[in-house]
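S.K.: If you read the sequences in order, they're chains A and B.
Position 36 of the first sequence, counting from 1, maps to 29 under the numbering used here, and the rest follow consecutively.
Position 90 of the second sequence, counting from 1, maps to 784 under the numbering used here, and the rest follow consecutively.
Derived by calculation from the structure, the hints in this document are not laboratory data.
Incorrect hints may have been included.
Covered stretches of chain A, going by a simulated chain B footprint (3 or more residues, C-beta under 8 Å) [unchecked claim]:
(1) 26 to 38
(2) 92 to 101
The following label-pair restraints were derived from C-beta to C-beta distances [said to hold, decoys possible]:
(3) A:64 - B:805: 35 to 41 Å
(4) A:21 - B:723: 41 to 47 Å
(5) B:709 - A:49: 42 to 48 Å
(6) A:64 - B:779: 40 to 46 Å
(7) A:38 - B:752: 43 to 49 Å
(8) B:777 - A:13: 37 to 43 Å
(9) A:59 - B:747: 23 to 29 Å
In silico negatives: residues of chain A with every beta carbon more than 12 Å from chain B [to be verified]:
(10) -4
(11) -3
(12) -1
(13) 1
(14) 3
(15) 10
(16) 50
(17) 53
(18) 74
(19) 81
(20) 86
(21) 89
These numbers were taken from a predicted model, which means no experiment stands behind them.
We treat Cβ as the ideally placed atom computed from N, Cα and C, and that holds for glycine.
Each chain, letter by letter, is given below.
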Amino acid sequence: QKEVEQNSGPLSVPEGAIASLNCTYSDRGSQSFFWYRQYSGKSPELIMFIYSNGDKEDGRFTAQLNKASQYVSLLIRDSQPSDSATYLCAAETGANNLFFGTGTRLTVIP
Amino acid sequence: EAGVTQFPSHSVIEKGQTVTLRCDPISGHDNLYWYRRVMGKEIKFLLHFVKESKQDESGMPNNRFLAERTGGTYSTLKVQPAELEDSGVYFCASSYDLSGELFFGEGSRLTVL
């Protein structure tokens, strides 16, 4: 079983819509969760992190964490074509390294 | 401020040859990590340096891989001898603290023929 699971997509949404990206993790000991965005051929870039159950909002991005369900999500409101990228979910282990999912490719259609 | 830089961006070698990848972390970042992404798979942890010391090398696949971090600055990852399954993108990341907020380089793509 993979540590972090994501739907690989592709996920397509029209411009201005809400994009919903989901992730589940297997290690109940994981405490910190991260969303990275990666444009093709570029470095993964941290866009959100969340430690506590509930929602965390930053501009158009909202991260949601449900530790009981071992579920993390990222909502992107008012999606823009520039949001088209692969979104990587990662969970931190107690050993201070990250387990990544395979990523979800998002395409925002103008 | 310069980000994490990696060299080379792409290397093509034959099976049995040696390749050395280099990573320059963000200045002041004591934590340096190596990760690898094999095609179609997730990015996987290889090892973690704190300054010049190996904090965790549990992800290193075998003894053909050797990582060093000279003087706690830049790091090298040597693969010797390279095998076909070593092909992938090798990412370096650095961080100021242990919060898990990593800054990644653009990766070094290794192709072993």
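S.K.: Hint by hint, note whether the structure agrees.
M.R.: So, going through the hints one by one against the coordinates:
no.	hint	in the structure
1	26 to 38	holds (count 7)
2	92 to 101	holds (count 5)
3	A:64 - B:805: 35 to 41 Å	holds (37 Å)
4	A:21 - B:723: 41 to 47 Å	violated (30 Å)
5	B:709 - A:49: 42 to 48 Å	holds (47 Å)
6	A:64 - B:779: 40 to 46 Å	violated (33 Å)
7	A:38 - B:752: 43 to 49 Å	violated (26 Å)
8	B:777 - A:13: 37 to 43 Å	holds (40 Å)
9	A:59 - B:747: 23 to 29 Å	violated (37 Å)
10	-4	violated (8 Å)
11	-3	violated (7 Å)
12	-1	violated (9 Å)
13	1	violated (9 Å)
14	3	holds (15 Å)
15	10	holds (27 Å)
16	50	holds (18 Å)
17	53	holds (20 Å)
18	74	holds (22 Å)
19	81	violated (7 Å)
20	86	violated (9 Å)
21	89	violated (5 Å)
When the structure is compared with the earlier hints, violations turn up for hints 4, 6, 7, 9, 10, 11, 12, 13, 19, 20 and 21 and for no others.
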